[in-house]
Amino acid sequence: MSAELTVTRTARLANWNVAIIAITVLVLIVAAATVDSFGTSRNFGFLVLDLLPIALVALPMTLVIVTGEIDLSVASSLGLSSAVMGYLWNANQPIETIIPLCLLLGAVLGAVNGFFVTFLGLPSLAVTIGTLALYRGLAFVVLGDSAVADFPALYTDWVTGTIGGTPIPNVLIVIVVLAVVFGVVLHATPVGRAVFAVGASEQAARFAGLRPGRLKFWLYVASGLVAGLAGVLWTLRYSSARADNGAGLELAVVAAVLLGGVSIFGGRGALPGVIAGVVLLGALQNALRLSDVSNEALNVVTGVLLIVSVLAPNLARSVLQRRRT
Amino acid sequence: MSSRKPQLVAALAVAALALTACGGGTTKSDTAAGNTPETVSAGTKADPNAPLKEGLKIAYLPKQLNNPYTDVEVGGGKVAVEEIKGEYKLVGPNDASASSQVSYINTLIQQQQDVIVVAANDPNAVCPSLNQARKAGIKVVTFDSDAAKTCRDAFINQASTQGIGESLVKMASELAGGAGEIAILSATPNATNQNSWIKVMQTELAKPENSKLKLVKIAYGNDDDQKSFTEAQGLLQSYPNLKVIVSPTTVGIAAASRYVSASSYKGKVAITGLGLPNQMRQYVKDGTVKKFALWNPADIGYLAAYAGAAMSSGQITGAEGEKFKAGKLGEYTIGADGEIVLGPPTEFTAANIDQFDF
Amino acid sequence: MTAVDLPAPRRSSLDVVLRARELGIVLALVLLVAVTTISNPRFVSGQSIRDILLGTAILAVLAVGQAVVVITRNIDLSVGSVLGLSAFTVGTLLQNNNLPVLPVLLAGAGVGVVCGAVNGVLVRYGNVPALVVTLGTLYVFRGITYFWAGGSQINADELPAAFLDFGTATLVGVPYLVLLAVLVLVVTGVVLRNYRMGRELYAMGSSPQAARLAGIAVGRRTVGAFVVSGALAGLAGVLFAARFGTIDAAAGTGYELNVVAAVVVGGVAVFGGSGTVWGAALGALLLTTIGSALAVLEINQFWQQAIVGGLILLAIGADRLVAVRVAAGLKKRGSHVS
Amino acid sequence: MAAGTPVLRVRAVSKSFGAVAAVREVSFDLYGGEAHALVGENGAGKSTIVKMLAGVHRPDSGTIELNGVPAELHTPADAKAAGIAVIYQEPTLFPDLTVAENIAMGRQPLGRFKTIDRAAMVRQAAQLFTRLGVSIDPNRPARGLSIADQQLVEIAKALSADARVVVMDEPTAALTGVEVERLFAVARSLRDDGAALMFISHRFEEITALCERVTIMRDGRHVSTELLAGITVDEMVRKMVGRDLGALFPKQDVTPGAVALSVRDLSRDPVFKDVSFDVRAGEIVALAGLIGSGRSEVVQSIFGVDPRDSGTVEIAGKALRPSSPKQAMAAGVALVPEDRRQQGLVMELSIERNVTLPRSRSLSRLGFLTGGRERRSAREWTERLTTKYGRLSDEVGTLSGGNQQKVVLAKWLATKPTVLIVDEPTRGIDVGTKAEVHRLMSRLAAEGVAVLMVSSELPEVLGMADRVLVMREGRLVAELDRSEATEESVMFAATGQEASL
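These protein sequence lines map, in sequence, to chains A, B, C and D. Just so we're aligned, residue 1 is where the first sequence starts under the UniProt record's numbering, counting upward by one. Just so we're aligned, residue 1 is where the second sequence starts under the UniProt record's numbering, counting upward by one. Just so we're aligned, residue 1 is where the third sequence starts under the UniProt record's numbering, counting upward by one. Just so we're aligned, residue 1 is where the fourth sequence starts under the UniProt record's numbering, counting upward by one.
Simulated from the structure, these hints should not be mistaken for lab results. You may find that some hints are simply not true.
As the list claims (entries may be wrong) - Computed Cβ-Cβ distance ranges for the label pairs, DEER-style:
{"id": "1", "chain 1": "D", "residue 1": "R365", "chain 2": "A", "residue 2": "V308", "range": "35 to 43 Å"}
{"id": "2", "chain 1": "B", "residue 1": "K285", "chain 2": "A", "residue 2": "V308", "range": "50 to 58 Å"}
{"id": "3", "chain 1": "A", "residue 1": "G248", "chain 2": "C", "residue 2": "V121", "range": "24 to 32 Å"}
{"id": "4", "chain 1": "C", "residue 1": "A162", "chain 2": "A", "residue 2": "A22", "range": "27 to 35 Å"}
As the list claims (entries may be wrong) - From the structure, some residues in chain C lie toward chain D, with a derived Cβ separation under 10 Å:
{"id": "5", "residue": "V190"}
{"id": "6", "residue": "R193"}
{"id": "7", "residue": "N194"}
{"id": "8", "residue": "R199"}
{"id": "9", "residue": "A203"}
{"id": "10", "residue": "G205"}
{"id": "11", "residue": "A210"}
{"id": "12", "residue": "R212"}
{"id": "13", "residue": "A214"}
{"id": "14", "residue": "A269"}
{"id": "15", "residue": "G272"}
{"id": "16", "residue": "S274"}
{"id": "17", "residue": "A318"}
{"id": "18", "residue": "V326"}
{"id": "19", "residue": "A328"}
{"id": "20", "residue": "G329"}
Ideal Cβ positions, reconstructed from N, Cα and C, are used throughout, including at glycine.
Next up, chain A with everything else stripped away, as it sits in the complex (with noise of 0.2 Å):
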């Protein structure tokens, strides 16, 4: 059963992987040749902004899942930090304590994920199940149903404005800054190599003298800690901290991750898929919300490409060996 299977499993993720670039590529240009509008600098700023949550939380969730876990408590992070943002905002605090206070707020969360994971030994599934009900529902302790508003003007627009009088996003340097940090340590790093090799066998990482719980603990860390940045910077973008901010949003993370080409039982995956995989959802998103197209389309759309970024190398793999024998 290995060898052949083997073989193409590397040709199946190398050619997902440059199938789904191409696929983006190519419904960039399509969408910007047929849709009015997509392709002028403002809406290129409005694209930036609208992914922005997706793309950083898609980062380490991209590592979690290499490893083989899986974290769904990502977008109750956000709203946490969201809410306490608000709170502390509420309370008086200065801003440039809120926002460091915020991070670590994440990175708390993502320890008691990992805490879970990996000290206790629970499925990962179950626990951030339970951490996106608790998280959500502290965030709406916190807050409650109210929204807080009226953050400075400097962090808003910085926020929402563009670098010098390019039409390129001030947020887009975080989204490439954080791109290239987990991309280089995923794919150039002992870190990297560690990930890849605990998500393909765990037991054969722990011969080799990894550190599996350790490394899958600092990954939640590292996935709460950019759950909180991302909580910030949607508190910032809308001025507005919210306990439902970014609800529902893991189910896009995975999503994106997912089409990126990353196998969800772990030790497959790479950075560049998933950032492709994350703007062709944000970016058809928007080509059919400019093209009229309703919402409701786009829910099917994104369903049916989850499934079939699994199914169509599945079904390629099977007509292969079919014709073979």
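Position chains B, C and D relative to chain A; hints supplied.
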């Protein structure tokens, strides 16, 4: 997975605390004064005699789609837009979230609409985008739920806040027989409309003639059918002596009526508030609901279209005192802060409900 | 070496633990009800109990279906969307159209069967993990409902009175919906416990590889489990329509998390092989009761979600600790050749 | 032995996995009332034959006939329906279900309305256990059963099926002498009832005690089928191995140096207890014993991947913390684990990544890995071990067993260990590679590396080791010098009884 990370996190925390200790940085009280609202110039002076432009692109962005009340409102808007030979468009999220509305506003800017008629899910969150729209020359008219005053050109108020609040208390008092416990089942705790009505109600209830009415609880059903349903359930359990539930939201009143009509409380607890005749007809006929009120929502959308068109055509700028004609509804005058009041609400009872279909 | 006298088959310690697992939920329930009742005696009034049971009925039907899938080491996140699609289908069928209740129930379940079959076939024959498939169909089924509904809503006054009566009528004080949920629970519970088919589902979840080697028709059973989950979600859609009377395309949005929570709190292991539908139903009852109790206790309703989250963590954490202790106990009870 | 039509007839079956031909044109017959042994070295293709009979694998060519009719064994269910019961090397139980349910799965006794009659099911299980002479509570879950008990449940399962063909793939590996005797009694009664028995074992005394005929396989091919009465153990071994034994094990004599690895009172409940021994530089020490005697657990505990309850491990006089493979690696310990596919290699990763995985930190520059150094290092070490592969970026799973083992060795030798622990270093690899591995170990010892070898292959133990440590049921029961170590003495220590070789 290096051992340096804990130190890093600790350092971050220390840095944060140090900042607090120094007392430096920007706080809410600093910005409250400093955050001058962005003003977008209203453009040239109004010319009351300018003709209404044809082919205006008028887009409606309600709080969310799939809400029957909203459907009636925008339905009225569609009629008006057709009357003035404009292009009608309806977009909106499936969830009542501000962030999705922002994406839609951005899309509408891209599509170079002439007028955006919006019901804000969060008065502040939509502000930056609305101002971007206004900078791009789009007129912004809010309805249903206002956005911050600094980021829209006009607000269509379904009725004066005072009028609705008073009429809600009047109905409650009649149904309670002038004395007893009443409770409010509202939309979300930060819903602009509901909160201002509740404020008026509270002032009214404080008056001596209403001293025997006791407001025991304000519950929030989040304009979610099921949530409202369970909240009504909770109210009746917690307050056995409750006489009236006042629900100033169409979702809430329908849910509460549905619960009561099928429960043992029917006939003992009265429901009133703001509701849609079509949704309430059944409960009025089976006696659960004696009376409730509402303005004609279709007229709101209708008025909004005319206000937006008048503004886009340069007839008005949104300044207080300006007048414009709104088709079959006649002439309207813009009030303070760009508010345009539709008119007094209608009361519905078993006697008249069959005359209305919305 | 002599033939041994076998000890009479005795209740194993694990059995006791499993019972204790469900006992734990019952205890939590009793405690919760007691505390709430002390603060407000009307909490145990007939109407209040009826309301809680009605609320539980829908969640429990979903939880039973979910438990069947989870026991086979899969998950079905699409149940909320299936419920929505089924509720809207039923609403449309009944819109100004007086059909008897039974065909309506079947129609709702039928919608669910189709959805469940799609999930099952993709999982089994497409080799796509259940999490991915049902996450995808969560979007797809919901999208289809929105397409179809196009923003319309079906109101109670458009539904035949007979159907709405079904939502509120009772038999000796017990609402029909609750009876239906109990029926579903009992049938599924008995099949899972006392029929070969049911035991094979446990076997598949306990060790997929061993199940294949044991000649279990893993493919058929997997599809079957998803079909059951879909059918029950479809049925829940009918119950939803009957209870709430107002149906729009958003019906049941976000239900999947409550359902998974109920199942996990009810002691069904997320990695399959153990747990019962009774536990899942109890989990649903506990979650619903917490919701009602918070309103009565006038605790900020915002705590509800946080409490649910905490409960999930508590449940899986406690299960883990118990499992470790039981495993240690079992190891010491090896066999002995006499 | 009954004559007439064979119950099972295997005709010229072949099966390949990718480029590897596991079974080539193998034919043999099984008669009712016969106990038939299948022997061969590890990797000879025995397990593949078993899996084809079980319906897990389908033959690429050739046929399997049951009672003279070609059988299509596409799925395990087909095999089960055809009356073939298989007892696997590794038990395949459902941990969450009770023992009784495990036995009855798919054949549960039914009561009214086709419901499962639990009482009858438990009774059946109890009767089977009585027949086997063991006491396992039918109501307990399978989780937590010892390997031996699991094996017994598997046997009960096969018994309950009333199978016409019972295939036993090393069922006795983890059983004690008494349990083996009992099993054989049951097997004989099955055989006398007319069932055909296929028995796979590495213990020749068991084969001769139970079976009438033997089929010998080598490298996926059928070598011969003979009456056991007409063949000696020596001849059998020669046919299995296909060469002279002596030349295989080129251990050079080395004068041992200082103590490199010192283990004192190492315990881990319930796997092993009070294990103490030393390994000196330049020495090869073998850890022998039956499967399940705790050998692998001991070395895993030394390396730190498994925890330990008490005891000390010192490398060149320096104590190792428990549960820290990282520290063990830093101290110069390397472990080539027992299970290559699960423990030794990350099968989905490339050859290059596998070879450099333990060293990725030391190969990085300023914390970054750009690929070049890893590639160069991987090439250097795979070449040193003459590994055959297409490209370094190929998944390691695409290699043959022998080359996979070379990758594992390359991976660990590259860490320049002073203490090399190898667990079953030649399991499932071809003869040529086996010799290479042995030469390599010998050379390493000559260079002053202390080698601790766990092996179940007695000839390998006797040929390679300077000293043999024997474990039985978690305890170190004997230490034999090269001169004292014979198959008899090792087996005696390992089983605690007189072996009849």
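Do the hints match the structure? See the list:
Under the hint 35 to 43 Å, the C-beta atoms of D:R365 and A:V308, about 41 Å apart, fit the expected range. The given range of 50 to 58 Å is respected by B:K285 and A:V308, whose C-beta atoms sit roughly 51 Å from each other. Checking the proposed 24 to 32 Å range against A:G248 and C:V121 shows it holds: the Cβ atoms sit about 27 Å from each other. For C:A162 paired with A:A22, a C-beta distance near 57 Å fails the hint of 27 to 35 Å.
With its C-beta approaching chain D no nearer than about 8 Å, C:V190 sits inside the 10 Å limit, and its interface hint holds. Below 10 Å, beta-carbon pairs count as interface contacts, and C:R193 has one with chain D at about 8 Å; its hint therefore holds. Hint status for C:N194: holds, given a least beta-carbon distance of 4 Å to chain D, under 10 Å. The interface hint given for C:R199 holds, since its Cβ lies 6 Å from the closest Cβ of chain D, which is under the 10 Å cut-off.
A hinted interface residue such as C:A203 counts as satisfied when its beta carbon comes closer than 10 Å to some beta carbon of chain D; here the least separation is about 5 Å, so the hint holds. Annotation: interface hint on C:G205 holds; nearest CB of chain D at approximately 7 Å, less than 10 Å. The beta carbon of C:A210 comes within 4 Å of a beta carbon in chain D, closer than 10 Å, and the hint placing it at the interface holds. Against a cut-off of 10 Å between C-beta atoms, the interface hint on C:R212 holds, since the closest Cβ of chain D lies about 6 Å away.
For the restraint placing C:A214 at the interface with chain D, the shortest Cβ-Cβ distance is roughly 5 Å, inside the 10 Å limit, so the hint holds. A cut of 10 Å between beta carbons decides the hint on C:A269: the least distance to chain D is about 8 Å, and the hint holds. The beta carbon of C:G272 comes within 8 Å of a beta carbon in chain D, closer than 10 Å, and the hint placing it at the interface holds. With a least beta-carbon distance of about 5 Å to chain D, the hint placing C:S274 at the interface is held under the 10 Å criterion.
The closest approach between the C-beta of C:A318 and any C-beta of chain D is roughly 17 Å, which is over the 10 Å cut-off, so the hint fails. This hint holds: C:V326 has a C-beta 8 Å from the nearest C-beta of chain D, less than the 10 Å allowed. With a least beta-carbon distance of about 8 Å to chain D, the hint placing C:A328 at the interface is held under the 10 Å criterion. Interface restraint check for C:G329: the shortest CB-CB distance to chain D comes to about 8 Å, inside 10 Å, so the restraint holds.
Of the hints listed earlier, those the structure fails to meet are numbers 4 and 17, in rising order.
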